[in-house]
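If you read the sequences in order, they're chains P and B.
If you count the first sequence from 1, position 82 lands on 82 in the numbering used here, and the numbers rise without skipping.
If you count the second sequence from 1, position 95 lands on 1095 in the numbering used here, and the numbers rise without skipping.
By construction, these hints were calculated from the structure, which means they are not laboratory data.
Mixed in with the good hints there might be a few duds.
A few chain B residues that face chain P, going by a derived Cβ cut-off under 7 Å, partial list only [as the list claims (entries may be wrong)]:
(1) P1008
(2) F1012
(3) G1016
(4) P1039
(5) Q1041
(6) L1043
(7) W1097
(8) E1100
(9) G1104
We put the CB at the ideal spot given by N, CA and C, even for glycine.
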Amino acid sequence: AQSVTQPDIHITVSEGASLELRCNYSYGATPYLFWYVQSPGQGLQLLLKYFSGDTLVQGIKGFEAEFKRSQSSFNLRKPSVHWSDAAEYFCAVGAGNNDMRFGAGTRLTVKP
Amino acid sequence: DGGITQSPKYLFRKEGQNVTLSCEQNLNHDAMYWYRQDPGQGLRLIYYSQIVNDFQKGDIAEGYSVSREKKESFPLTVTSAQKNPTAFYLCASIDQWSYEQYFGPGTRLTVT
């Protein structure tokens, strides 16, 4: 079965600094990969997804992620963080049978 | 607007009582999901349904039950057998062409 690891529970960055959130997955084939964002007490919103093709994918709110098959990683990046980016971020892996698995999440704090 | 609605947003119950959480979608999606979210544990799958009148247990189904009598509705019952029911519950559906999951705003259940 597929699984997802997000090694960082909590990250703090200064506003305007760059951001990278890590995600590693375990799956036998090339999975479908997703990043979601959750504001406190809310549901999850899709930031971006990777199915195939170009390994660098662009998402909403200026986020991007790079799929690296050799490292089983799908890290999320943003060049310049805004205070409104403070939230919890979840990496997810899906298989063709609609089975979706989520990482434990990374909470992002943005310092002024 | 298409989307997923969950009601109520906050729910309080006494220990020993069953409680049903509502989830409705107007996205015409076949597959629907229930997740439980606890701090630091990400989203854990309770049940999912691929189609009307069919559903499968997820990783933590004990103490929960579901029904899927209509495509639009996937209610979750938290029974008195669930040992630690206080949590944030998220309902989702999936677009089976894009594999994107759409989430409701969640229900926070507190059992005392």
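* Asked: If you check each hint against the structure, which ones fail?
  -> 1, 2, 3, 4, 7
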